[in-house]
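Colleague: Now for the letters of each chain:
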Amino acid sequence: MMYFDDRLYLIAGAALITIGLYALLAHRHFLRRILALNVMGSGVFMVLITYSARTAGSIPDPVPHAMVITGIVVSICATGLALVLAECVQALTGRTELSDERETSEHTGARPDTSDEQHQDQSP
Amino acid sequence: MIVLDVLTGLLLCAAAFFFVSGTVGLLRLPDIYSRLHALTKADNVGLGLTVVALMLQAESWSEVFKLVLIYAMVLSASATVCYLIGNEAHRRGQRPRRSGAN
Amino acid sequence: MLYLFDLVLLVVIVLLAWRSLNDADLFRGTVSFIALGLLIAVAWVRLRAPDVALAEAAVGSGLTGALILSALVRMRRRGRDAPRPNHAGGAIPRRLIGVLLLALFLCLCGAMLRLAQWPEGLTETALAELPASGVSNPVTAVLLNYRSYDTLLEVAVLLLAIVGVWSLRRAEWPGDVRESYPLLMPLLRIVLPTLVLAAAYVLWIGTSKPGGAFQGGALAGGAFVLMLLGGFGRRALRHRYRMRVALSCGLLVFIAASVGTMLLTGEILRYPAGFAGHWILAIEAAALISIACTLGLLYLGGRPEEAGDGTPVNRSVNGSKNGSMGR
Amino acid sequence: MSHAGSFASMILAPLAAATLAFIFPRLGRWLAFGTAGAVSIAFARLTRLLLDGGVQVHRVGGWGAPLGIDLRADGLAVFMLLITTAIGAAVMLYALRYFNARRSPAEGHQERYFWPLFLLLWSALNALLLSTDIFNLYVTLELLGFSAVLLIALDGRRAALTAALRYLFVSLSASLLYLLGVAIVYTRCATVDLTLLATRAQPGFPLTIAIALMTGGLLVKSALIPGHFWLPPAHANAPAPVSALLSALVVKGSFYIMLRLWFEAFPGLITPAAGNLLGGLGAAAVIWGALNALFQKRLKLLVAYSTVAQLGYLFLLFPLAAGHEGRFTAWSGGLVFLASHACAKAAMFLSAGNVVRARGGRDEIAHLEGMSSLQPISTFAFGLAGLSLIGLPPSGGFAGKWLLLRAGLAAGQGWWVAVILIGSLLAAAYVARVLVHGFTRAPVPGPARPNSPLMEWTALALAILAAGMGFLSVWLTDLLQVGAPAILIPPAGGAP
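Residue numbers (my numbering), protein chains in the order written: chain B, 14 to 137; chain A, 6 to 107; chain X, 143 to 469; chain V, 24 to 519.
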């Protein structure tokens with residue numbers, strides 16, 4: 014069995030989570046936030062995998078491994094969805110950042126059903 | 006056995022040299038085309054040396070075969086990627102830096 | 143020596159993570175992110191998690207990176223908004239965030255380092271039941287037998303992702319590279335069949351060694367992306383039901399297996415004794431197809447135009463370089 | 024053996040129907056109809072099994088915890104399933120008429136994707152309610168969150184897409200915090216099963232951090248102040264049936280997991296201070312949400328802020344159900360309140376949807392004149408649902424608040440009583456504000472764009488359910504008693 018120091022990996026995991034959270038709160042560009050979520054996810058996975066590898070026996074605990082594989086698949090689905098949604102928002106607003114809360118919630122004025130704001134692309 | 010180990014060590018050192026020079030080239034060379042040279046050529050030699058070194062340590066022929074396969078895939082991929090990047094740069098109007106210019 | 147290796151690896155990982163999120167140029171940030179994914183895969187190998195490393199290298203780094211890069215390119219092309227580092231944004235002052243997160247970091251470290259005293263886990267139980275699970279790779283046993291219900295829902299998440307992407311917008315096809323990059327085609331001719339073969343191999347080997355449906359599916363998904371880049375398969379994508387069936391067959395087979403096992407054994411996903419391996423392989427094979435198609439189509443980032451399905455088709459297949467955004 | 028079919032049709036029937044609705048878009052509505060039938064039958068069977076034979080546990084894969092995943096139907100789960108089934112079926116009926124492909128291609132597109140997304144959301148909710156495994160709950164949370172986000176985005180307008188994206192970011196980061204908590208819990212206790220955790224959890228710093236992380240993530244998902252900012256734009260800009268689902272059910276999913284964690288898995292680790300903190304935030308939400316609702320210009324935003332306020336009441340359950348006396352009273356009060364809020368809020372969003380739709384998409388409160396004569400049924404439904412939000416008898420809102428008040432007085436925590444009363448007055452004010460405008464005679468006859476009667480009557484049915492739930496509260500309380508967490512019933516016998 015290879016020796017490794019689990020403390021290093023745990024600290025690195027915590028660092029990844031913190032860096033991801035920081036970027037999530039500090040940056041507003043869609044893509045940065047999506048990257049930040051992925052980095053955060055990697056940090057969480059690192060914590061899980063590190064714990065699974067600490068078992069004294071020859072084989073690491075397979076349960077966290079399966080959880081992480083599930084998590085990786087979930088996170089690529091999330092990334093794919095978020096990217097497409099972000100592109101739609103950019104196409105509608107022309108911006109790559111979320112507008113302020115006030116702007117969205119005080120959205121007054123008529124919202125006619127089929128204005129040109131309508132995003133969907135059914136028009137032939 | 007010892008001979009093989011020493012040989013492996015030597016090969017790995019040589020590989021490390023190539024990797025390092027490739028990386029230095031990537032960081033220091035002036036334009037995209039020369040950087041591509043450094044990246045693909047030097048690194049492929051480095052990887053080749055590594056593969057040979059690992060072959061000496063392989064326990065079975067199937068392992069040797071897998072190593073060869075890996076090397077073949079990486080070579081073809083890196084050749085294509087190098088070409089793609091160079092082509093794209095060219096299409097975007099990046100000019101190779103000529104000696105004496107600038 | 144190995145300690146030093148770990149130290150260097152992790153320091154580089156953390157620095158790359160910082161750089162990928164805070165680089166002024168988003169493109170460079172994304173490239174750092176891809177490199178980060180590869181290094182994290184190395185870390186998984188160091189932590190004796192080869193199954194995860196395979197999934198990470200293919201999905202976490204490769205496909206995620208490809209998704210983000212292509213979205214970045216599309217967003218820049220649409221580009222009224224120059225990517226700027228934006229160090230002004232955020233409703234909460236940065237310094238406050240920094241202090242709070244430092245506290246969080248210390249708490250996390252404290253909590254996690256203290257856990258070192260409980261090296262328990264389910265390893266022994268999982269290994270003890272391994273002979274009855276139908277496979278000999280413990281991770282596959284967890285994914286498709288002990289905790290197969292999680293995997294069922296995960297396959298549902300994959301389907302949900304594609305339904306969602308399709309509901310949001312129409313695909314913008316990547317430009318046809320056949321003419322512009324003649325050298326790419328010979329490579330694709332070699333690589334595509336190899337990747338498909340490799341995917342099948344990874345699926346098969348997954349019952350006994352690192353591998354499985356997700357890793358194989360990721361490989362095949364990568365092949366799918368390459369295929370789209372090379373301009374193959376657009377006609378197939380326009381086919382009315384074929385694509386949707388391929389996308390959902392994984393979930394359908396999984397549900398059918400759940401109901402079937404329930405009728406046979408009285409419990410959902412409890413495989414009949416002695417046949418667990420067969421059931422698992424059947425589910426995995428269907429899942430692989432769906433995973434591969436899902437990942438490939440996520441890259442496309444929208445629904446392909448379908449012939450005669452309510453969505454009007456405005457261009458012929460052969461001539462279309464870019465799908466329309468409608469406006 | 025006999026319960027396996029019920030569990031399977033609860034979770035797998037909507038899942039299979041969603042898949043088929045994706046492959047065959049034209050069958051969507053029929054598949055949803057069939058699913059509603061199958062889920063209702065399964066629910067009825069499960070309820071009978073529960074009342075006859077007690078808590079039902081199904082070991083998926085035959086392994087059982089800790090290696091496998093268990094599904095469990097106890098009183099709380101069946102209670103929540105009751106709400107989910109009723110509202111799910113009502114929203115299904117409403118949506119049959121709401122999306123009409125003949126009206127415009129955009130609606131055809133919405134209808135085509137609404138059904139698979141709706142069915143996926145439904146199966147995610149059922150799976151969430153029946154699961155006892157905190158990692159499996161993570162997967163169901165993601166399934167639920169993604170489908171909710173996509174249903175909001177179905178609206179297609181700028182405000183909706185922006186809100187959906189913000190919700191997605193919030194939801195994903197909250198899920199990751201939750202997952203980190205799960206990782207720590209698994210390492211410490213070597214299990215992710217709720218029932219086993221109750222026996223294995225020992226106090227200590229790691230588990231405290233883990234619970235804090237999971238709770239934090241879930242609080243943001245259930246939109247408790249200060250994590251509420253995403254909710255109003257998301258719920259107000261979604262299509263009406265989606266708003267109803269989100270406000271009535273989706274936010275309650277994460278709240279439900281919190282209940283499971285706090286009262287079932289880690290009851291020994293929760294300090295009264297933590298409960299009071301949640302209660303305090305809940306009280307703040309009651310006041311802040313209601314004040315915001317009072318000053319909104321748009322009808323759907325008013326209803327959405329009212330959700331922020333009403334969710335606050337639910338969190339009063341945490342300090343009260345951990346008090347000295349009247350724990351079960353507080354528990355059943357909070358849950359009856361949850362049920363009635365779910366029905367009332369669904370009814371409100373559906374009737375608001377009717378009104379807004381009949382006005383061609385305009386929803387300023389100032390322009391609601393003539394609502395009572397043009398949409399009498401919807402106006403009546405809105406008013407009835409409003410009665411339940413305010414908490415007038417015999418509504419479920421009254422029953423829930425009454426039980427909470429009793430528990431508050433029994434536990435000697437009278438300050439929560441004041442919060443409940445102030446919140447009710449504010450609710451009366453914002454409901455009245457809508458109705459005052461609605462009962463004003465229209466100066467000119469508004470645009471005539473009649474809604475389908477089915478849409479009107481579905482809203483009314485839910486409103487009647489909410490307003491009459493007080494009569495059911497005894498039965499509901501009995502249901503909740505089956506397999507209730509042990510901590511709620513003190514050994515001395517203080518329970519009612």
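It is worth saying that the hints were derived from the structure and are not from the lab.
Just to be clear, a hint being listed does not mean it is correct.
[To be verified] Footprint (simulated), chain B over chain V, 3 or more residues, beta carbon under 8 Å: (1) 157-170; (2) 174-187; (3) 194-202.
All figures in this text were calculated on a predicted structure; none of them were measured in a lab.
Every residue, glycine too, gets a C-beta built ideally from N, C-alpha and C.
Colleague: What are the numbers of the hints the structure violates, in ascending order?
Modeller: none
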